[in-house]
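Student: As a plain string of letters, each chain reads:
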Amino acid sequence: MGKRIGVEVSIAAAEAAALADVDVIAAYPITPQTHIVEHLSELVADGHLDAEFIPVESEHSAMSCCIGSSAAGARTFTATSSQGYALMSEICYIASSMRLPIVMTVANRALSAPISIWNDHADMMMSRDTGWIQTVAENGQEVVDLIFHAFKVGEDHRVLLPVQVNLDGFILSHMIEPIHMPDKAEVDAYLPPYKPAMRLDPAHPVSMGPVGMPDIYTEAKMAQDQALRNSKAVIVEAWKEFGDKFGRYYKPVETYKTEDAETIIVSMGSISETAMTAADALRAKGKKVGVARIRLWRPFPEAELFEPVKGAKNLVVLDRAMNFSGGDTGILGGEVKSVLFDQNHHPSLRNFFVGLGGRDITVQNFEEMVEKASANGGKPVPYEIINVRD
Amino acid sequence: MTSAELTALAAIEEGKYAQAFPSFGPERRGAPVMAFVRVSDAPIRTREKVYEPNIVVVLDPTLLKIVNVEAGLRDGGIVILNTTKSVEEVRKESGIKGRLALVDASKIAMETMRVPITNTTMLGALLKATGLISMDGLRAPIEHRFGPIAEKNIKACARAFEETVVEG
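In order, the protein sequence lines correspond to chains A and B.
Under the working numbering, think of the first position of the first sequence as 1115, with each following residue one higher.
Under the working numbering, think of the first position of the second sequence as 14, with each following residue one higher.
Honestly, the hints are just simulated from the structure, not real lab data.
Please note: incorrect hints may appear among the correct ones.
[What the hints assert, rightly or not] Calculated lysine-lysine pairs in the DSBU-like style (CA-CA distance at most 35 Å, straight line):
| no. | chain 1 | residue 1 | chain 2 | residue 2 |
| --- | --- | --- | --- | --- |
| 1 | A | 1401 | B | 165 |
| 2 | B | 168 | A | 1117 |
| 3 | A | 1298 | A | 1365 |
| 4 | A | 1493 | A | 1451 |
| 5 | B | 98 | B | 165 |
| 6 | A | 1399 | B | 29 |
| 7 | B | 62 | A | 1371 |
| 8 | A | 1298 | A | 1427 |
| 9 | A | 1399 | B | 141 |
| 10 | A | 1427 | B | 165 |
| 11 | B | 62 | A | 1401 |
| 12 | A | 1117 | B | 29 |
| 13 | B | 62 | A | 1424 |
| 14 | B | 62 | B | 165 |
| 15 | B | 62 | B | 168 |
| 16 | A | 1354 | B | 29 |
| 17 | B | 141 | B | 110 |
| 18 | A | 1117 | B | 165 |
| 19 | B | 29 | A | 1298 |
| 20 | B | 110 | B | 120 |
| 21 | B | 98 | B | 141 |
| 22 | A | 1371 | B | 29 |
[Claimed, not checked] Simulated coverage check for chain A against chain B, where a stretch passes if three residues somewhere in it have a Cβ under 8 Å from a Cβ of chain B:
| no. | region |
| --- | --- |
| 23 | 1283-1290 |
| 24 | 1475-1484 |
| 25 | 1490-1498 |
Even for Gly, the Cβ is constructed at its ideal location relative to N, Cα and C.
Same shape as in the complex, but just chain B:
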């Protein structure tokens, strides 16, 4: 939810319209949860969940074994994964057909922040793989959310931006 929230806040900061919302369950840290984001240049007028995403961001690689992360993905859509594997390996093991963007976010998060929490790291991958939001827009929401540890989060985000491999 944190990365969904930050994405929406960054988009709003840039003058766009956005919604971010959790899948409204009893959320527990570490349990599988879904969160949704819509970003638009025009006011957003729907309250449905997102059933046909353009972009899917997967923060935890183990989810690939229990969830079809590609369900409903639109034509030309992209799946952004936290993984240690290559495009070929991921495609072979998960059967994902859509375009892929890959980054070892767990490693980056551990090395820059010393925690295995990949929210802000994966935002770096989102920045690289899509033009949805910009680093400039993200800065204020990250600073507001993380205060003294904001710089570390921004560093992790920037490093993920560098290291993300986006399929052509």
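Isolated chain A, as found in the complex:
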């Protein structure tokens, strides 16, 4: 029945991909993702994993190889971060448009310049509209569990889309913590072997990803969007089955003490744990604070997010990447606002930028944001950067 071990989260992520029996890994090293593919290359070289490890010369080539192998019917995995993602991004759109269920972990890191190897969500936001399903992990256990889930969902014939599993660079990727690693038989019972819906096969030649003339392009994009929208039901179903098998249940939006909360912090990723600690600290001072954490980033869980926050007075929405819109709202701030817009009664919203390029986010920072949101009186206020020097 598996076992509980102390392990660096990147190593556990690689072990999870190995437990999922990947056939092909094509990757290029980039901090802070490197340990994931490094460990996979060791597993292959040492004969522990029967897979093809393709060391490529760039992330652009990595995703190109992944597309080839996935199209040929191989279970395919890669990982990247930041600038690596930026270089890869051209091909990421093609992976989703060709409906190839590649799984990729992204150890989230800031984008240059100035050069930063540290954590924020700039790469995740950059990848927002690529058509990939995207989940966001809060801790190491979730990274492992979401990797199994990613293959399960992506390869489901009702879905057939690539899946990106986001984990905070360093804060998760380089963290040593206890993780329950399932054994192979348990994973096999959850994740059947990949059966491609169609594949490149010399005996039955097909073309994939050819030119789309104006008379077909719109239909192709509509079909792709419908596939992403429809994937949500399968994502939820696969989490239910995961919970029944492994005892850990996941939802698109996780909540913490939101039932009676006046102020709810809306966040993604590992800082949600600090947010929960802050909520407890504030509750000890008599303030009713809760946390709504977005685990499913794409497709965006609009109804699932509105339901737990609708009774609150104030939302504190955290953006972890500068979006340069020139406007008053960050990316997540804008997404949440669009959820609220169609509702007759909804909480007011304060949008904060925090934790850019590795700046630490403390319990005290959360207390400050909650304070500001509750003092706001519902008036619209432009975004504010927390813990910044003038």
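Since chain A is already given, all that's left is putting chain B on it; use the hints.
Tutor: Relative to the frame of chain A, chain B by itself:
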């Protein structure tokens, strides 16, 4: 980072919860680096750095001249130092106010392992000065990490445990 990692692994081995993480810089062997450890009986739910430690372990005595190692130390906290000096000398020279535990880890490491690397040696001092982890919990992570040279590391750790002077 190695000693932080081994501490967390030992705690997890003992069934506790733990986090170990570096201060996320471009790390180079020999350069000053910080690493953080949290150990708890309950699941740990925070991702902040450690700003108010209960325990500070200093592997290199020269750091005392460039870093306030006592910054944020909690009431009743302890500073565990690799030093050749006595409690009185350290207190006079560094101005550290907190409780001290001292060991000449560099000498122990040189004599038992023939390298001036004090990670596992200082874990012996940590064992002696606090009840955070046990030698039983440490054994498996050290064996896994160091393979053929694990025994030497365990020996250095055990000797530091004997020789560490803990202020009452």
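Student: Looking back at the hints listed earlier, which ones does the structure fail to meet?
Tutor: Those not satisfied are hints 1, 8, 9, 10 and 25.
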